[in-house]
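Residue numbers (my numbering), protein chains in the order written: chain A, 8 to 510; chain B, 48 to 550.
Quick caveat, the hints were computed from the structure, so don't treat them as lab data. Among the hints, erroneous ones may be present.
Unchecked claim - For lysine to any residue, the following SDA-like pairs were computed, each having C-alpha atoms within a straight-line distance of at most 20 Å:
no. : chain 1 : residue 1 : chain 2 : residue 2
1   : B       : Lys209    : B       : Ala161
2   : A       : Lys109    : A       : Lys119
3   : B       : Lys412    : B       : Thr206
4   : B       : Lys492    : B       : Ala429
5   : B       : Lys411    : B       : Ala350
6   : B       : Lys217    : A       : Ile430
7   : B       : Lys217    : B       : Asp244
8   : B       : Lys217    : A       : Asn444
9   : A       : Lys109    : A       : Tyr385
10  : B       : Lys209    : A       : Arg441
11  : B       : Lys209    : A       : Leu437
12  : A       : Lys119    : A       : Ser216
13  : B       : Lys209    : A       : Leu443
14  : B       : Lys217    : A       : Phe440
15  : B       : Lys217    : A       : Leu443
16  : A       : Lys175    : A       : Ile155
17  : B       : Lys209    : A       : Val373
18  : B       : Lys412    : B       : Met356
Chain residues, written in single-letter form:
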Amino acid sequence: MTDILSHLPILIVMIPFGCAYLTPFLGYLLKGWGRRITAIALFATLICSMLLVYQVIRNGPIIYHLSGVLPPLGIAFNADYLGSAISLLISGIVLLAVVYDKDRIAGLGEKKTLFFYTLVLLAAGAMQGIIITEDIFTLFILIEILSIAMYGLVAIRGSGRCLLAGYKYLLIGSAGSALILIGIGFLYITTGTLNMQIMAELLPPISGSMTVLAGLALLIAGICTKIGLFPLHVWMPDVYAYAPSIAPVLSTLALKAGVVALIRIVYTIFGPSLAIQPIPLYSVLALLGALAILICSVLAILQLDIRKMFAYSSGANIGCIVLGIGIATQLSVEGALLHMITHTAGKACLFLCADTILNQTGIRYVHEFRGLSSSMPYTMAAFLMASISIIGLPLSGGFMSKIYVAGAAIHAGHWIYAAILLIWTALTALYLFRILNSAYFYNAASTKPGRSHTRALPANEAPARVLVPLLLLGIACILLGFFVDLPMAVIRPAAELLIGGGL
Amino acid sequence: MTPEIVYSAIPILAIVISSGAAILIGLFGNRVRYLNEGVSLGAAVIKFALVYSMYTSVMAGTIYICNPVALLPGVDFSFRVDPIGVYFAFLSSLLWIVTTIYSIGYMEALNEHARTRYFLSFAVCVASTIGIAFSGNLLTFFIFYEILTFATYPLVVHTQTKEALDAGRKYLAYLMSGGIVLLFAIITTYIMTGTLDFADGGILAGSAPVDTLRILFILFMIGVGVKTAIMPLHAWLPAAMVAPTPVSALLHAVAVVKAGAFGVLRVLFYVFGFDLTQEIGMGPFLAAMAAITIIIASIIALAQDNLKMRLAYSTVSQLSYIVLGAALLTPAGLLGGIAHMMHQAFMKITLFFCAGAIFALTGKKLISEMHGTAEDMPYTWAAFTIGGLGMIGIPLTCGFVTKWYLLVGSLQADAWVYIAVLLTSALLNAAYFLPPVYHAYFSPKTVARTHEHIQTTRPWIRLCLVGPPVCTAAAVIIFGIAPLAPYFPLDAARLIVAWIMGV
Numbered sequence: 008m009t010d011i012l013s014h015l016p017i018l019i020v021m022i023p024f025g026c027a028y029l030t031p032f033l034g035y036l037l038k039g040w041g042r043r044i045t046a047i048a049l050f051a052t053l054i055c056s057m058l059l060v061y062q063v064i065r066n067g068p069i070i071y072h073l074s075g076v077l078p079p080l081g082i083a084f085n086a087d088y089l090g091s092a093i094s095l096l097i098s099g100i101v102l103l104a105v106v107y108d109k110d111r112i113a114g115l116g117e118k119k120t121l122f123f124y125t126l127v128l129l130a131a132g133a134m135q136g137i138i139i140t141e142d143i144f145t146l147f148i149l150i151e152i153l154s155i156a157m158y159g160l161v162a163i164r165g166s167g168r169c170l171l172a173g174y175k176y177l178l179i180g181s182a183g184s185a186l187i188l189i190g191i192g193f194l195y196i197t198t199g200t201l202n203m204q205i206m207a208e209l210l211p212p213i214s215g216s217m218t219v220l221a222g223l224a225l226l227i228a229g230i231c232t233k234i235g236l237f238p239l240h241v242w243m244p245d246v247y248a249y250a251p252s253i254a255p256v257l258s259t260l261a262l263k264a265g266v267v268a269l270i271r272i273v274y275t276i277f278g279p280s281l282a283i284q285p286i287p288l289y290s291v292l293a294l295l296g297a298l299a300i301l302i303c304s305v306l307a308i309l310q311l312d313i314r315k316m317f318a319y320s321s322g323a324n325i326g327c328i329v330l331g332i333g334i335a336t337q338l339s340v341e342g343a344l345l346h347m348i349t350h351t352a353g354k355a356c357l358f359l360c361a362d363t364i365l366n367q368t369g370i371r372y373v374h375e376f377r378g379l380s381s382s383m384p385y386t387m388a389a390f391l392m393a394s395i396s397i398i399g400l401p402l403s404g405g406f407m408s409k410i411y412v413a414g415a416a417i418h419a420g421h422w423i424y425a426a427i428l429l430i431w432t433a434l435t436a437l438y439l440f441r442i443l444n445s446a447y448f449y450n451a452a453s454t455k456p457g458r459s460h461t462r463a464l465p466a467n468e469a470p471a472r473v474l475v476p477l478l479l480l481g482i483a484c485i486l487l488g489f490f491v492d493l494p495m496a497v498i499r500p501a502a503e504l505l506i507g508g509g510l
Numbered sequence: 048m049t050p051e052i053v054y055s056a057i058p059i060l061a062i063v064i065s066s067g068a069a070i071l072i073g074l075f076g077n078r079v080r081y082l083n084e085g086v087s088l089g090a091a092v093i094k095f096a097l098v099y100s101m102y103t104s105v106m107a108g109t110i111y112i113c114n115p116v117a118l119l120p121g122v123d124f125s126f127r128v129d130p131i132g133v134y135f136a137f138l139s140s141l142l143w144i145v146t147t148i149y150s151i152g153y154m155e156a157l158n159e160h161a162r163t164r165y166f167l168s169f170a171v172c173v174a175s176t177i178g179i180a181f182s183g184n185l186l187t188f189f190i191f192y193e194i195l196t197f198a199t200y201p202l203v204v205h206t207q208t209k210e211a212l213d214a215g216r217k218y219l220a221y222l223m224s225g226g227i228v229l230l231f232a233i234i235t236t237y238i239m240t241g242t243l244d245f246a247d248g249g250i251l252a253g254s255a256p257v258d259t260l261r262i263l264f265i266l267f268m269i270g271v272g273v274k275t276a277i278m279p280l281h282a283w284l285p286a287a288m289v290a291p292t293p294v295s296a297l298l299h300a301v302a303v304v305k306a307g308a309f310g311v312l313r314v315l316f317y318v319f320g321f322d323l324t325q326e327i328g329m330g331p332f333l334a335a336m337a338a339i340t341i342i343i344a345s346i347i348a349l350a351q352d353n354l355k356m357r358l359a360y361s362t363v364s365q366l367s368y369i370v371l372g373a374a375l376l377t378p379a380g381l382l383g384g385i386a387h388m389m390h391q392a393f394m395k396i397t398l399f400f401c402a403g404a405i406f407a408l409t410g411k412k413l414i415s416e417m418h419g420t421a422e423d424m425p426y427t428w429a430a431f432t433i434g435g436l437g438m439i440g441i442p443l444t445c446g447f448v449t450k451w452y453l454l455v456g457s458l459q460a461d462a463w464v465y466i467a468v469l470l471t472s473a474l475l476n477a478a479y480f481l482p483p484v485y486h487a488y489f490s491p492k493t494v495a496r497t498h499e500h501i502q503t504t505r506p507w508i509r510l511c512l513v514g515p516p517v518c519t520a521a522a523v524i525i526f527g528i529a530p531l532a533p534y535f536p537l538d539a540a541r542l543i544v545a546w547i548m549g550v
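Just chain B, same shape as in the assembly:
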């Protein structure tokens, strides 16, 4: 497949829109009421339109390239919109709209402080996520990757409680260490190959002995693995649960961990290349790490009573599905992994939105307090149920689609152990998602402890809180019923796999 290459500034424009929003918010957010919210929403919509226009044409075989300035000799500040990049950008900019709407409702409902800082950081996060998606070489990727790390920090410590600041410290310690390892790997790659550009067949082939490449592979995987929360590098993610729920959505679905998973794919297939990854034989090692993470994180999730904590460990587990799919190095596995990037995002964001809506409207955080709440919040719990069923992998949800391909991929790789892992994980998922649902619908209401009950009379706030999860839950069903419809995740993933495998 020979792509049509277009030199265009649209990729930069998509980043500039969000950065511009950040600057506007920074300058005037404190002075004009609702400017934060309005600018964020406007930027989100415009950016989605830009990304969508690229999405359709890239899927039809175009590649956008833009190299504004040189950073190092032979390394430009470079943007390249290829299928996998635009896929990630599409995912995050679409969910960004939903998250913005939800954020507005959440901040208003809880009457949160420091909204200018909040929306400013959010805008920077999203700009850097798009930067990560569109970056054309490792250095540009790294720059946005690190900006994302630091822009998320104010969001994690948003409440400024001791707990939040501790979590923030942990978050930075993990992610900065990862960043340093990643930078070391990147500089080494540059010195060894003289280039950092992502190329379809990888750039490292034949540049060094196999052992060196293996060490480099491990360094890269530590670098991007921290953000992907592969065990034992995951501890920051549950700690970061102290952040407001929209931030959790950002961390778990829209940007941060997805940037890590995207980084894994980029490194595997565009730096090392499919063939080289196979040649140095590190796939099984990565797959084993992912499998361990899937099982252990699920077991830890079982023990959590705080709903958000349970969701956090579930994310740790689910992210490793993506890594596992990629590390199997089979077409179906890869397809499942890439599709899961989008599917998991929709399911997890639904679950988080629901958890946040329950907290914002009733003040309840613990699963044991939520008995019988489905009566008051039927839509929220319906959405939660769909998300949970998707996570388990029940047919007619999108979770089933990916799990199916991952299973086929494991068969292709002759790796029976991963089939067992995936099925066990499905059981564990059922074990931790079904009880809250059951109790919400069928258990009698627990006597509310003296919680600060937040009364929200304004219906638009309720709409902002409940609307987004209902929409994303609907998407979970739609992706599950018609996975192969044009432009849907699985369809796009097929194209990406074709590119990576060079078919």
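The following block holds chain A by itself, in its conformation from the complex:
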């Protein structure tokens, strides 16, 4: 038993990867089992993630050497507090998304649905790897696997806007990957190692060299493309709007995996160097984050397609997380990590709701939401709860994480950032209220608001299997506000480790 437990870090990566190869065959042999196999694999991953978090909380970070070869030669996985916490988050939400999903996805044939789940598993495995790997080249490979799986997921319909969105994603994503690869190359030639910890020790004396700085710049630019940080967010709206089924949820998670990679780069690898060689990296990140918050929120207000709106909203939320990382204090990193969790839960719920609504009624624009609360009460209840958290209304998870980041900003003397965070709440409210308002306070029958009791739309509530994940996520969004201590138990040591090791 202890034998298996010591292999947990590799299991959370390999279970999804292994099953990704099995799904097409087994799914082909056993009709309709593609999704079930995926769900079983993800459930096993979830169990492993839970055990991992438990172990990490009890015994501290677990370092796992692949095939027992030690670095600098071997590849190491470091399941620390940050990695295990985000691993649990990702495996939990992917599982819920797959449980939510249908056996036959609209617009995809049986064969393509199997491929769809293969890609889901590949993406899930890659994300798990990205967040715990300690080897920077492995990081690159996993980012590539994740990206390619995501391109496939977005474009899988193979026609029309899906294809176009996928193509756009592919172009920008490949540019990002190229930057990352060159950046890694620069760092490798100067340090001669690919292991993050060793690199961090070797870098400080040479951190003034142009090669290292160029490597850092390329890496940051590449990662920022992947996480859609302003001004590199341009691929997100199309991807979110036209990706089929649960692909937007996976994309939200992929952003978070990218953020973890960013954290590893700016804190784990460059933290010690930045303490010696002060370049304003953190302030630039904070500034970009603040700009992302403001500009993406304004763009979100302008959208009529709710999924594009959510895409811009994700851009703003990534901005908030990067702002927290950029402020670079214990409190701000805690806030950023907490916001990663609350935003993922909220946004996943919103995307699932949007997908349910699209499937059941074909609605995708804000003004079509009129009176939807009476025909889809449970879906809209989940939507409402997630919106409360995304806006940051008390008392919800989003409220707590925003308070943390804003408090950290004030604590570090950045009043203006705190003000931006609070104004952001109002901006978010502006676009989400528009949807809620038409759903709850307009009647479906007339185009004008009125008090007629007639309902044009038939009651088209989704089946219970779909509603359970939605409501679970929605309730989780709210409850996170009450039980913020739970995630904090992992987040606090994670932030201590990052800040303590880095600054």
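Keeping the supplied structure of chain A fixed, place chain B upon it in accordance with the hints.
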């Protein structure tokens, strides 16, 4: 005075009762006839009993404390029932019973739609009002404060007409902006002092330079001032008059604006503290704002023909009495201000109930249409007359009592200008309350325009509509005749002042 501290869950129970009612209504309100009404009434009575039991013992020197979970490091989700808190809770839970009865009659008489949503929002409003009253720190206060804002929104837009939705938008825009400013001030306070607990002497003393504290004071006052409708932050209140009359009662007497006034008192005396408020010298500034509001709002009220609009501007004016009393920073002024919280609530709720009863039973909204209606509705107009006389401050009504103390307070502060303001305001009150009364009794009936005349034959509905204002009008007289009887507003206010002044 050393209080006896009791750790008890009763404060939470009082909130849970209303929340439980909200959940019950939400789940079954649509299916069971009269469940909405029954549950609301039952919850109101039980909650009043709980609050009353605390009221008597807190007035005898007990303090209830309860901290269920931690929200931020050093900040619990905390409840603390002290004299001023229980005073506010007593006020709102007592009037809540009356309002519920009135609501039932009003909704039935006008055959309103969406009753489940209505009663659900009402229950949430009242739960959050009690939460505001019992909150033991600024964050808990803020959480309930914001919940109150959002729970009131469905009530404001209840009719779902264009006018109502516009008013709702205005309402949210004002109150959310205020909330954001308040949150900013709260986070700043937390970072500066490390605590958010309300303390009898304030928590901010010596934490920052005087100028910073002044800015913080202004931020706090904007935050709570929006709900208190201090000019120029008042525009949402008259706009919200499109809501059904029981909602107006809720806004004007039971919960919303009173929560703002309560917030002003909390911030002045439990965050800044009596001494610090005096030291930073912002009292006169606040008093001046209040005085301007008192006069200007009264003048605007003169010009209104819609009875509810006239009452709305009267509320704007009267609320600033409370603020003025507190801002004078003298014992008598404070006493007058705090007593006015309760007195104004009784008078204003009487007036609104009457206006609503007239509208529900005759369909008349404008004062110019109400000539001679006293003949048909003698009890309603008698109650209205008493309320109006109270507002003017005629002896033997409770309005006189508070005005007296406010005048004494102004004398103590050597602020002659406020004496002039108060007396002018009394004249203006007379100018806008006496004409409707005069016309109702002595003018000949106007020829009814083609109004949709609502015929209500069922006597219990009439009783529900006319009974509550008669009861509250009686209270106006009783509080005026024997203001110092034990547990009466003035008696309680004396105790609260003793606490605040540390006597």
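Quick rundown of the hints versus the structure:
For the given pair, Lys209 of chain B sits about 17 Å from Ala161 of chain B by alpha-carbon distance, which is consistent with the 20 Å threshold. Between Lys109 of chain A and Lys119 of chain A, the direct Cα distance comes to roughly 13 Å. Compliance with the 20 Å bound is thereby established for this hinted pair. About 16 Å separates the Cα atoms of Lys412 of chain B and Thr206 of chain B, which keeps this hinted pair within 20 Å; it holds. Of the pairs offered as hints, the one joining Lys492 of chain B and Ala429 of chain B holds, with about 18 Å between alpha carbons and a cut-off of 20 Å not exceeded.
Our distance criterion of 20 Å between C-alpha atoms is met by Lys411 of chain B and Ala350 of chain B, whose separation comes to about 18 Å. At roughly 17 Å between alpha-carbon atoms, Lys217 of chain B and Ile430 of chain A fall within 20 Å of each other, so this suggested pair holds. Using a Cα cut-off of 20 Å, the hinted pair Lys217 of chain B and Asp244 of chain B is violated, with the two alpha carbons roughly 32 Å apart. Among the hinted pairs, Lys217 of chain B with Asn444 of chain A is consistent with the structure: their alpha-carbon atoms are about 13 Å apart, no more than 20 Å.
This hinted pair checks out: Lys109 of chain A and Tyr385 of chain A have alpha carbons roughly 18 Å apart, not beyond 20 Å. About 14 Å separates the Cα atoms of Lys209 of chain B and Arg441 of chain A, which keeps this hinted pair within 20 Å; it holds. For a cut-off of 20 Å, the pair hint linking Lys209 of chain B to Leu437 of chain A stands: about 18 Å separates their Cα positions. For a cut-off of 20 Å, the pair hint linking Lys119 of chain A to Ser216 of chain A is broken: about 49 Å separates their Cα positions.
As the CA atoms of Lys209 of chain B and Leu443 of chain A are separated by approximately 16 Å, the hinted pair is consistent with the 20 Å bound. Straight-line distance between C-alpha atoms of Lys217 of chain B and Phe440 of chain A comes to about 13 Å, which keeps the hinted pair within the 20 Å bound. As the CA atoms of Lys217 of chain B and Leu443 of chain A are separated by approximately 16 Å, the hinted pair is consistent with the 20 Å bound. With a CA separation close to 13 Å, the supplied pair Lys175 of chain A and Ile155 of chain A stays within the 20 Å bound.
Proximity of Lys209 of chain B to Val373 of chain A is assessed by CA-CA distance (about 18 Å); at most 20 Å being required, the pair is judged to hold. Restraint check: the Cα-Cα separation between Lys412 of chain B and Met356 of chain B comes to about 10 Å, which is no more than 20 Å; the hinted pair holds.
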